[in-house]
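Please model the complete structure; the sequences and the hints are all you need to start from.
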Amino acid sequence: MSLLIVNILDGLVTGLLLFMLCSGLTLIFSMMGVLNFAHASFYMLGAYFAYQISLITGFWLGLIVAPIAVGVIGALIERYGLRRVHKYGHVPELIFTFGLALLIEEVVQFFWGRSQLPYNIPEALDFAAFSIAGNSFPAYKVFMIFIAVGIFITLLYILTKTRIGMTIQAALSYPETVQNLGHNVPLVFMGVFGVGTAMAGLAGVIAGPILGTFPGMAVLLGSIVFVTIVIGGLGSLWGALVASLLIGWIQTFAATYNVRMEDILTSVGFTKPEPVWDSAWQDLWTLTLPQIGPILPYLLMVIVLVFRPQGLFGKRES
Amino acid sequence: MSTSSNSPLTAGTTRLVNLNSVLPWVIAAVALILLPQLFGSRSALTIINQMAITIVFALSYNMLLGQGGMLSFGHAVYMGLGGFFSMHVMNMVEGGLWLPLPLLPIFGGLFGMFFAFLIGSFSTRRAGTVFAMISLGVGELVAACSVIIVIFFGGEEGVSGDRTMGPEVFGWDFGSHEQVYYLTIFWLLIAALGMFLYSRTPIGRIANAVRDNEERAEFLGYSQRNVRWMSFIASGFFAGIAGALFAINYEILTEENLNLATSGTILLVTFLGGVGFFVGPIVGAIVFTLLQTVLGLYTELWGLYLGILFLATVMFFPFGLTGLIAMHIAPWKMGKIGHLVVPYAMLFFPAVLAILSGAAFMEILFHIREAGVGDSEMSLYGITFDSHAIWPMATAIVVFVVSVFIINRLSARVKAAWDEATHTGRAGS
Amino acid sequence: MSAPAIELRNLEKSFGLAKIIQGVNLSIEKGERHAIIGPNGAGKSTLFNLITGKYTPTAGQVLMHGEDVSGMKPFQINRKGLSRSFQITNIFHNMTVFENVRCGLLWSMGYKYSFWHMINGQKALTEKADEIIEQINLTSRRNMVAGALAYAEQRALEIGITIAGGADIIMLDEPCAGMSHSETELIVDLIRKVTEGKTLIIVEHDMGVIFDLADKISVLVYGEIIESDTPEAVRASVAVKEAYLGTTLEDA
Numbered sequence: 001m002s003l004l005i006v007n008i009l010d011g012l013v014t015g016l017l018l019f020m021l022c023s024g025l026t027l028i029f030s031m032m033g034v035l036n037f038a039h040a041s042f043y044m045l046g047a048y049f050a051y052q053i054s055l056i057t058g059f060w061l062g063l064i065v066a067p068i069a070v071g072v073i074g075a076l077i078e079r080y081g082l083r084r085v086h087k088y089g090h091v092p093e094l095i096f097t098f099g100l101a102l103l104i105e106e107v108v109q110f111f112w113g114r115s116q117l118p119y120n121i122p123e124a125l126d127f128a129a130f131s132i133a134g135n136s137f138p139a140y141k142v143f144m145i146f147i148a149v150g151i152f153i154t155l156l157y158i159l160t161k162t163r164i165g166m167t168i169q170a171a172l173s174y175p176e177t178v179q180n181l182g183h184n185v186p187l188v189f190m191g192v193f194g195v196g197t198a199m200a201g202l203a204g205v206i207a208g209p210i211l212g213t214f215p216g217m218a219v220l221l222g223s224i225v226f227v228t229i230v231i232g233g234l235g236s237l238w239g240a241l242v243a244s245l246l247i248g249w250i251q252t253f254a255a256t257y258n259v260r261m262e263d264i265l266t267s268v269g270f271t272k273p274e275p276v277w278d279s280a281w282q283d284l285w286t287l288t289l290p291q292i293g294p295i296l297p298y299l300l301m302v303i304v305l306v307f308r309p310q311g312l313f314g315k316r317e318s
Numbered sequence: 319m320s321t322s323s324n325s326p327l328t329a330g331t332t333r334l335v336n337l338n339s340v341l342p343w344v345i346a347a348v349a350l351i352l353l354p355q356l357f358g359s360r361s362a363l364t365i366i367n368q369m370a371i372t373i374v375f376a377l378s379y380n381m382l383l384g385q386g387g388m389l390s391f392g393h394a395v396y397m398g399l400g401g402f403f404s405m406h407v408m409n410m411v412e413g414g415l416w417l418p419l420p421l422l423p424i425f426g427g428l429f430g431m432f433f434a435f436l437i438g439s440f441s442t443r444r445a446g447t448v449f450a451m452i453s454l455g456v457g458e459l460v461a462a463c464s465v466i467i468v469i470f471f472g473g474e475e476g477v478s479g480d481r482t483m484g485p486e487v488f489g490w491d492f493g494s495h496e497q498v499y500y501l502t503i504f505w506l507l508i509a510a511l512g513m514f515l516y517s518r519t520p521i522g523r524i525a526n527a528v529r530d531n532e533e534r535a536e537f538l539g540y541s542q543r544n545v546r547w548m549s550f551i552a553s554g555f556f557a558g559i560a561g562a563l564f565a566i567n568y569e570i571l572t573e574e575n576l577n578l579a580t581s582g583t584i585l586l587v588t589f590l591g592g593v594g595f596f597v598g599p600i601v602g603a604i605v606f607t608l609l610q611t612v613l614g615l616y617t618e619l620w621g622l623y624l625g626i627l628f629l630a631t632v633m634f635f636p637f638g639l640t641g642l643i644a645m646h647i648a649p650w651k652m653g654k655i656g657h658l659v660v661p662y663a664m665l666f667f668p669a670v671l672a673i674l675s676g677a678a679f680m681e682i683l684f685h686i687r688e689a690g691v692g693d694s695e696m697s698l699y700g701i702t703f704d705s706h707a708i709w710p711m712a713t714a715i716v717v718f719v720v721s722v723f724i725i726n727r728l729s730a731r732v733k734a735a736w737d738e739a740t741h742t743g744r745a746g747s
Numbered sequence: 748m749s750a751p752a753i754e755l756r757n758l759e760k761s762f763g764l765a766k767i768i769q770g771v772n773l774s775i776e777k778g779e780r781h782a783i784i785g786p787n788g789a790g791k792s793t794l795f796n797l798i799t800g801k802y803t804p805t806a807g808q809v810l811m812h813g814e815d816v817s818g819m820k821p822f823q824i825n826r827k828g829l830s831r832s833f834q835i836t837n838i839f840h841n842m843t844v845f846e847n848v849r850c851g852l853l854w855s856m857g858y859k860y861s862f863w864h865m866i867n868g869q870k871a872l873t874e875k876a877d878e879i880i881e882q883i884n885l886t887s888r889r890n891m892v893a894g895a896l897a898y899a900e901q902r903a904l905e906i907g908i909t910i911a912g913g914a915d916i917i918m919l920d921e922p923c924a925g926m927s928h929s930e931t932e933l934i935v936d937l938i939r940k941v942t943e944g945k946t947l948i949i950v951e952h953d954m955g956v957i958f959d960l961a962d963k964i965s966v967l968v969y970g971e972i973i974e975s976d977t978p979e980a981v982r983a984s985v986a987v988k989e990a991y992l993g994t995t996l997e998d999a
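Protein chains in written order, with this note's numbering: chain Y, 1 to 318; chain A, 319 to 747; chain B, 748 to 999.
By construction, these hints were calculated from the structure, which means they are not laboratory data.
Every residue, glycine too, gets a C-beta built ideally from N, C-alpha and C.
There's no promise every hint is true.
Which stretches of chain Y does chain A cover? Using the computed rule of at least three CB atoms under 8 angstroms from a CB of chain A, they are [as the list claims (entries may be wrong)]: (1) 9 to 19; (2) 44 to 50; (3) 78 to 91; (4) 95 to 101; (5) 282 to 295; (6) 303 to 314.
Laid out in structure tokens, this is it:
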């Protein structure tokens, strides 16, 4: 039971982290029609910048400066790169952001090398917040939850209570109308791209110490992020939230509970062939839940798409 | 939903080579047959074989991207699955199955096609971004499965085999590199011709129509989904052939043949070559393989340069290398190509200098960071110097800035010459 | 007595809360030239999109030759012999005029998803396409890229693609929109020529064109058909005059 609670909290951390990326991605997609393939690369940049800053000033300044720096870079890339490609249509834009992802990874390796950086949890947060029956829960994760929920509430406030938020909301509901409108407000595009990438950067700043700061971190999370928004329904903010949490929990639980196919098969009445590696079904017999954990999001995506092509919360195109 | 006609993905009314006639095919075949006389070394043949495999793979990729408007981030799956299956068939041959090696690619193709049929059934319902994301997800799924389904993918070591165990064909057992070369180019020609002819069939044409305007095509009696699905299946077939050729050449397949990096590379290759042309992927595969082989020898920063090259292509030359060449057909035909010779020649040296000095800047920086303590000697372009000294870095920066400045000054002149050279025609972009 | 070419039964379509088409009943006989008119925003295009399968009706039915086709996909409806043009020119801009028309012919000439025919070698197909290009007076433009044609030529090509498949019900959505007077006359002649013996359903703002072409006119106002009759009767109708505030019809 206590393990369950810890897992729920752990899954929540992963899910909220995913959502910090997915929400920015969704906002950019809804406004501009561009799926930013390099989104996770900005997340990575956030972690690297924060590490660099933390060397000089410690963790806390990086928490503020790194996301801003990432956002500024994002806005500049939109202004001088993406906008140039815009006239060719969405597929070349997607190819552009794909190239950008490649380049950012190379640049990161160029400056910081290939190995993992010692970017660590700040000492002030390096203790167990509480423990349930021997399972301790780190304070840093509580901090992550607070940051993510804080971002979520701020986003919600901006979207529902401010003028610019109304425009963005309209973009979510009537993408075409505002897309047409959008041609006259490139500044809004730049702003949304900047804010979206800054949010990804912030996610990187707070995730870096836990998930590791290394050149592969973008690719590792990137594919999951795209799968998440496809499951949630492209362009749906609520879909992104639900799918993020869902995947966060699925991955956490799959990693914790060592359900073995062998046990299931034996309990249904099959006998295990001996030795198992001579059997054609060896892979089925040796399958465990932690082993297939990483592929569950992709499987979920395929299943969702087969039964509901527009995603969980996506609108059906007429 | 009509797309503007200047999209790099929907070009294709211009041609670089007229492949409708028999001549270019015969020339290609003769050249390929004679090639080992010129470059007979083992390493040269290996590189050419690698090129041939990349060409088949890139052409099959362009059946999706260029001809069908489908951007895939998971095309390696079909090549990889075709390859793995071929590998298993090869091992069955070792176990006694009678199958001459030259027929193996058919099996790879059919297997790739079968999976394209399965996955295409749900992934081709939508085009554009949704298709791209699904292809990415499926790609990651299959790549991740490779460590789970060990019996088929062989886990981390992959699956390997021996190509020489089959029955001999005209006395060939395909042990030598030359024999494998002929087998590879035989299939290269067959696959390229097959894909070219496919683009000239009703379904090939309708695939273009759906790419350009899916709504219109629906009102002409065609289900856009089925059209995309068919293109996807055909593309899976040829990708599977490429996979089988890989299996024959390298006798091993691993997770690397399925993953996102491989899928991304083929997008890069195809786009660099030029998506809107049938020969684009061929040009891309040749240039890419050469660059990779040559630059890979000299620099560790090859990936960085490739990333810059790719982004520059997307931003400034979205029609790719082939597009760049094809742009000059109109001035050539009008006899005005002469207008461009002088400005291009003037541009040549500053451009080369800019590239070399820019690269030098990166290399020096990289050397300063990577080299061990006390090891500050590096050599570049045949010059040996101290990477920590000021002057090499300063030289690189000054040369770079000056040559970029000159290029900038010359660009107006080049543009004027270009306008002059294309004056009466409507060509160019 | 055969079933009408198109019959709409209590057809409704809502987008969210907005009910754009509110229970339309309409019957269009075979061989009839039927015009649908109405003020802007009356739902004419929506009605078109409902009949052709682009939208699925919220309620009610669309019958084609007595067969219920509501909810079918555009390509299925097209295969049953209905073809349409678009208000905003909808052609294949990157293909030549010839290729455009050929695309319109492929399905109906039985090529379907064929990958075993070489398209350029199909003599009958080429001849038929050239015949249609001749009909729409674009022979001199045959090998030009469609995107490079003049606007009026693109509109003619659009009609060419629409009729190419030999559908017996032709639906034209504002074929004369944005055309000059002389161009309009040419296009009207063209429409008359190519829809000979077929059922024609047309939406058009130019009343001259409507009264010139149509055997019957339906007036759509706020998603309802308030009048469906011969041109003379419609011209005389009080309800129609009220709906149009007496302006447009007077001009005609």
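The hints, checked one at a time:
no.	hint	in the structure
1	9 to 19	violated (count 0)
2	44 to 50	violated (count 0)
3	78 to 91	holds (count 8)
4	95 to 101	holds (count 5)
5	282 to 295	holds (count 7)
6	303 to 314	holds (count 3)
In this structure, the hints that do not hold are numbers 1 and 2, in rising order.
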